[in-house]
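Trainee: Listed here are the chains, written in short residue letters.
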Amino acid sequence: MNELLLNGFSNLNNPAILFFVLGFIASIIRSDIKIPESIVKILSIYLMISIGYKGGFEISHSGMSDDLLKSFFISLVISVTTTTIVFITIYHLLKKDFLNAGAIAAHYGSVSVVTFITAVSFLDKIGVEYNSYIVGMLAIMESPAILIALLLVKFFNKSNSNTEVTNIKEIFKEALFNGSIVLLFGSLLIGFVTGSKGYNLISPFFVTPFQGVLTLFLLEMGMIAGKRIEEFKKVGLKLGIVAVFFPIINGIIGVLLASFIGLNLGTTTLFGVLAASSSYIAAPAAVRLALPQANPIYYITMSLAITFPFNIILGIPLYYSLSSMLQ
Amino acid sequence: MNELLLNGFSNLNNPAILFFVLGFIASIIRSDIKIPESIVKILSIYLMISIGYKGGFEISHSGMSDDLLKSFFISLVISVTTTTIVFITIYHLLKKDFLNAGAIAAHYGSVSVVTFITAVSFLDKIGVEYNSYIVGMLAIMESPAILIALLLVKFFNKSNSNTEVTNIKEIFKEALFNGSIVLLFGSLLIGFVTGSKGYNLISPFFVTPFQGVLTLFLLEMGMIAGKRIEEFKKVGLKLGIVAVFFPIINGIIGVLLASFIGLNLGTTTLFGVLAASSSYIAAPAAVRLALPQANPIYYITMSLAITFPFNIILGIPLYYSLSSMLQ
Amino acid sequence: MNELLLNGFSNLNNPAILFFVLGFIASIIRSDIKIPESIVKILSIYLMISIGYKGGFEISHSGMSDDLLKSFFISLVISVTTTTIVFITIYHLLKKDFLNAGAIAAHYGSVSVVTFITAVSFLDKIGVEYNSYIVGMLAIMESPAILIALLLVKFFNKSNSNTEVTNIKEIFKEALFNGSIVLLFGSLLIGFVTGSKGYNLISPFFVTPFQGVLTLFLLEMGMIAGKRIEEFKKVGLKLGIVAVFFPIINGIIGVLLASFIGLNLGTTTLFGVLAASSSYIAAPAAVRLALPQANPIYYITMSLAITFPFNIILGIPLYYSLSSMLQ
Amino acid sequence: MKKLEIIIESVELNNMRTIIEKIGVSGYTIVKDVAGMGKHGKSVSTSLVDVGEYHLLIIVDNENIINHVVENLKPLFKNYSGVMFLSDVVKIT
Amino acid sequence: MKKLEIIIESVELNNMRTIIEKIGVSGYTIVKDVAGMGKHGKSVSTSLVDVGEYHLLIIVDNENIINHVVENLKPLFKNYSGVMFLSDVVKIT
Amino acid sequence: MKKLEIIIESVELNNMRTIIEKIGVSGYTIVKDVAGMGKHGKSVSTSLVDVGEYHLLIIVDNENIINHVVENLKPLFKNYSGVMFLSDVVKIT
Ligand SMILES: Nc1ncnc2c1ncn2[C@@H]1O[C@H](COP(=O)(O)O)[C@@H](O)[C@H]1O
Ligand SMILES: Nc1ncnc2c1ncn2[C@@H]1O[C@H](COP(=O)(O)O)[C@@H](O)[C@H]1O
Ligand SMILES: Nc1ncnc2c1ncn2[C@@H]1O[C@H](COP(=O)(O)O)[C@@H](O)[C@H]1O
Ligand code: NA
Ligand code: NA
Ligand code: NA
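Each protein sequence line maps, in turn, to chains A, B, C, D, E and F. Heads up: the first sequence runs through residues 1 to 327, numbered per the numbering used here. Heads up: the second sequence runs through residues 328 to 654, numbered per the numbering used here. Heads up: the third sequence runs through residues 655 to 981, numbered per the numbering used here. Heads up: the fourth sequence runs through residues 982 to 1074, numbered per the numbering used here. Heads up: the fifth sequence runs through residues 1075 to 1167, numbered per the numbering used here. Heads up: the sixth sequence runs through residues 1168 to 1260, numbered per the numbering used here.
Isolated chain A, as found in the complex (with noise of 0.2 Å):
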C-alpha cells in the first residue's frame, strides 16, 4: 500500500502526466494554447512508429518469447471478456438500451494506444522489464472487441435498422487494415528486420526524443479530455462512476490472467493497462458508423475524459502494484 501510494507519487512526478494536467487545467479555464490537428496527427504516427520500431528491434535481440503463444490467447480472452462485462453492466444500468451497451463495450473492450505507451515510459522510467512482443498484443486487442460489441447488438437486436446491415462490411475491413494496426505492425516487422544497423540511423530520431514527444501529445490530450468533461453533466452520475470502475475492475481481470500464466511483472502489468485502457480513436468512428443511435456524447467522455485520465494518472500505478504483488 505504502509502495502503491510512491508509484503513484513517481507516476505524479513524470513531466508527461504533469503536462497532461496542465493541458486539463488550461482547458478548463479556457486558456487557448491549440496545438493544430495536422500535429496530434503526426504524434500520434510518431509514438506508434516509435513504438513498434523498438518493439521489433527489441525483439530481434532477444528471440520470441515461449509466452507469445499464451499471450495472444490472453489478449483474446481479455478483449471477449472486457467487452462482455461492460455490455452487461451498461445494458441493465440503462434499462435494457442494448445500443448504447453495445457503443460503451466496444470503447472499453478495444484499447488505448497511448495509455499503453505511457504506461511502457513509466515502466521504463522505474527500469522494469516487459517482453518486447506486447506491442503486437497492443495492435490485436484494437479490433476483437468492436466486432465482438456489434454482434452482442445485432444478438439483441429486433428491429434489424437499414444502416447497420450496409456498413457492417466497411466495419470489417476498418478493423483489420486500420491505419493503427498497419503502422504498429510495419514497423514491428521493419524494427525485427533491420536490426542494430537500421536502429542506429533511425533512432536519434524516433527513440531518443520519444519521451519528450509523449509529454506534448499528453499536453494536448490534457486539453482534449478538459475540453470533454464539460459534457459530464450529459453523461450523468452513473456512468461517470462506471467510467472508473471498468479500468479498475478490467485492469484486474488483465493483470489476475496474466499473471496466472506467468508473465514478468512488467508484462503483467502492461496486460492489466491493456485490459483497463479504452479507446477513443478506432472505436468511436467504428461504432458512430455502426450503431448511429447510440449517443456519441456518452462514449466518448467516458472512454476520454473520465477512463483515459484516471489510467494515466492513477490506474497505471495501480495495476503495476497489483502486478507485483502477484509475482
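Some hints could be false.
To be verified - Footprint (simulated), chain B over chain C, 3 or more residues, beta carbon under 8 Å:
#1 691 to 702
#2 836 to 843
#3 850 to 856
No lab work stands behind these hints, which were simulated from the structure alone. Treat the numbers as computed from the prediction; the structure is a model and nothing was measured. Heads up, the beta-carbon is just placed ideally off N, CA and C, and yes, glycines get one too.
Fit chains B, C, D, E and F with the ligands to the given chain A structure using the hints.
Mentor: Then chains B, C, D, E and F with the ligands, alone, in the frame of chain A:
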C-alpha cells in the same frame, strides 16, 4: 564600440539570424517557401515549453534568487514607463490620435517571446549567465501594457463607443489566462518540480534540438516580416522611424533600471531586450478586439516588420554591449 | 553482378526504404494512415535545409574542389541531353503529341530532391564519400529542363495558344526563385559561413535526426505513390514501361559523363541519380500552368508512382554499382 | 439548375459519396472540416476523434437529379447529425 | 427560408457567435480560414498573427430571425472588416 | 447583385486573381483546398504535388461586373478543370 561591432558580427554569424535574413529575402523576391501555419504554431508552443521548462529546472538547482522581488517590481516599472512613452510619442506624432497611440503603445509595452528566446540563445552562445527566473518576468510582462494602454485610451476617449465596453471583460480574461502565459508558467512549474530525473527524460526533445527549432522558426519569422514590410508605405516614414527608436529607447530604459538594482550582466541584457521588444501575438489580437478603429497596418507592420528584425539583428548585441558597459 | 545484388539487398535493409514500401502497401490496401499535408511540407523543407546546410558546412572544411566548374558544366549537359531524349521518345511513342512529350520531358530532365537525399543517405550508410558541392548541382538542375522542354514545345507548336504566352514570364520567374532553389542555396551559403560553431548549434536538430525524418517522409512518399499507381491504367503500358527505362538510360548517361571527367565514386553515383530522377514538385506545377493541354495523369503518375519508387529501391544501388565498375 | 448544400458528419462522408455517385450526379465539391451549431448543439471536433467533425458538400445539378439525391439522403439524417439546403443557380461551365 | 453568408474577422468570431446564439438562430456553420479581397484590400493572414484572418459564417433560418440577425450585426461592420450576403434557400432537413 | 462561385485548380489561382482584379470586382473570397468530383473525375490532391488541388472562389458584385468576369474566365475552363455557378444575392454590407 569595437566590442559592440564584434558582438553584432557574432550575432550575424548565428545560423538562426542568417535564416531569418534568408526568409526575409525569400519573401521579398516572392520565393514560395511556405511553412504551414500549423507548424509555426507548434514551433512557437515548443519554444515556450522549452524556455519555461529549462528556466524552472534551473531555478530548482540554483534556488530562488534574492533579486526576484526587485525584478518583479522592475518588470512592472518597465511596462508602465515604456507603454506611456510610446503612447505620448504617437499621440503627438499622429496629432492627438489617441486610438492609434493606445494601439501601438500596447504593443511596445508588451513583450515578444521570440525576441527574448533569441536573446537567450545569444547569451548562451557567448557564455554569459543570467538568472533563470527571468522567464517568469517574460510571462508577467505580456499583459500589463495592454491593460495600461486601454486605460489610457479610455481616459482620452469622450465618445465612448459601444464595442469597447462589451469586450473589455474578455480582454481582461485573456490578459490573465492567455495561452502563452499559462504555458510559460506551467512549464516553469513543471521544470521546477520534476528535477533532474524529469529533465533527463525530456531534454533530448525539449532542450537538445532547441537551437535548430529556433532557427527554423526564425526562417518563418523572416518570411512574415518580409511579407509585412511591403506595407511600409501605408505606415509612412514617421512611424517607420519611431519603430526603430522605440526599441532603442525602451531597451536603454530596461538596461538602466536592471543594472541600477544590481542585476548581473545577462539578466540586465534580457531586461533590456524585454523592454525593447514588442508584442505581435497577444497585443494585436487584443487591440483589434478592443480598439477596432485603430489601424492594424500601423501596429502590425511596426512591431513585426521593423522592430522585430531590428531587435533580432542589431538590438540584442546593442543591449548586451550597453549592459556590459554598465557592469 | 553479385555485388549489385548485395547493394540492392543492403538498400532493402534500410528502414527508410522499408517504410516507403510499408506506405505503398498501406495505400494499396486503403489503410488510413494520414500524414497531414502540413507535415509533409515541413518535412520536405527540413530535408532541404539539412542537406543544403550540411553541404555548405562540408565545403567550408574541404574547400572548393577543382571539379566544381567541370561539374557545373556536366549538370547542364545532363539536363539538355536527358530532356531531349525523353522528348523525342515520347514524341514518337505518342504519335507527334509534342505537348505531352514536352510535359514529360520537363519532369525527367529536372530532378527529385528526395531521390537525391535518399541516395546521399545510401552512400553515407555504406561509407562512400562524395564532393559536398554536389548539393549545389541539385539546385542548379531543377529548372533548366523545364525551360528547355517549354522551348521544345514552342518550337513544335504552330497554333500558339494564348495561355502559354501569358504565363511564360511567371514560369521563368518561378524557375529562378523557386522555393526549393532559394532554400537549398540559402542553406548551403549559411552552412558555409557559420562554420563549426554554427554547426554545433543546429546539428542536433538538422543533422542528428536526419535519417529518421527521411524515413517518416518516405513513409508518406510510399503512400502517395501507392495512391497514384491506381491511375496506372489511364497511363497505359507503353508509358508505364518507359517510366522505368528513362531512369535507367538517363542514369547511365549521368554516370558515364561524371566518370568521364574523373569524378570520384560517390559523386559519380549522385550524378547518375540526379540524371535518373524525375521532378514531382516543381515540374508538375510549372507544366500544368504552361502546358494545360498536356495530361497531368501521364506525367504525375510516371514520375511519382513509377520512376520514383524504381529509383529509390533499385535505381540507386544500380547507379552505384555502375559507377564503381567505372572507377 | 439546383444547388444542394449538405452539412454532414465526416464519418458518413464515404457512405454519402457512394450514394450520390451511384445516382450519377455530374459533380460535387467538399469543403472540409467546418464547425457549427444545430439541433444537436455545438459541434465539438477534437483533433484525435473523428466523431464530431463535419464537412460541407455542394452538389449542383438539374432538378431531377437533385430531387433524387434528396430522397436518397433523407433517411441518413434520421440517425446522423446534419442539414440540407436547396437553392437556385445557373451553371455556366 | 433565408441564407445569410457572413465574411468576418476571426477576432470577432466569438463575439458574433454570442450575438446570434442569443437571438436564437436554429443553427450556423463556420468555414474556417478563408482569404480574400474587399474594401480594406487583400487579406494578409500571417501564421502567427490572428488579425487579418477571416471566417465564413453561414446561417440558414426564417426571414424573421435572419432580419433580426442582420440588424444586430450591422453595427459591427462599421469598425470591423467583412461583408454579409443574403439569398433564398429551402431548408430540407 | 449576383454571386459567382468558381471551383478552380490551385495552379490557376494567381492568374485568375489577376484577371478579376483587373476587371475591378469589389471583392472576392477564397475557400482554400476543397475536394470533389466532376467531368475530369475525382480530384486527387497529393500533399506534395500542387496539381489536383482546388479552391473555391466566391465573388459578389453587380450583374454587369459579374458578366464581365464570366466572359473573361470562360476561356480558362477550356484547358483547366473547374466549374462556375451563378446565383442571386442581396449584398447587405
Ligand atoms: N440553420 C442552420 N444554418 C447553418 N448551418 C446549420 C444549421 N443547422 C445546422 N447546421 C450545421 O449542421 C451541423 C449539424 O446540425 P444538427 O444536426 O442540426 O445539429 C451544425 O453543426 C451546423 O454546422
Ligand atoms: N464583393 C465581395 N465578394 C466576395 N467576398 C467579399 C466581397 N467583398 C468582401 N469580401 C470578403 O470580405 C473580406 C473583408 O472585406 P472588406 O471589409 O470589404 O475588406 C474580404 O477579404 C473578402 O474575403
Ligand atoms: N456539378 C458540380 N457540383 C459541384 N461541384 C462540381 C460540379 N462539377 C464540378 N465540380 C467541382 O469542380 C471540380 C472540377 O470539375 P471538372 O472540371 O468538371 O472535373 C470538381 O473536382 C468539383 O470540385
Ligand atoms: Na480495454
Ligand atoms: Na516591450
Ligand atoms: Na533527371
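Trainee: Hints the structure violates: just list their numbers, smallest first.
Mentor: The structure conflicts with no hint, since it agrees with every one listed earlier.
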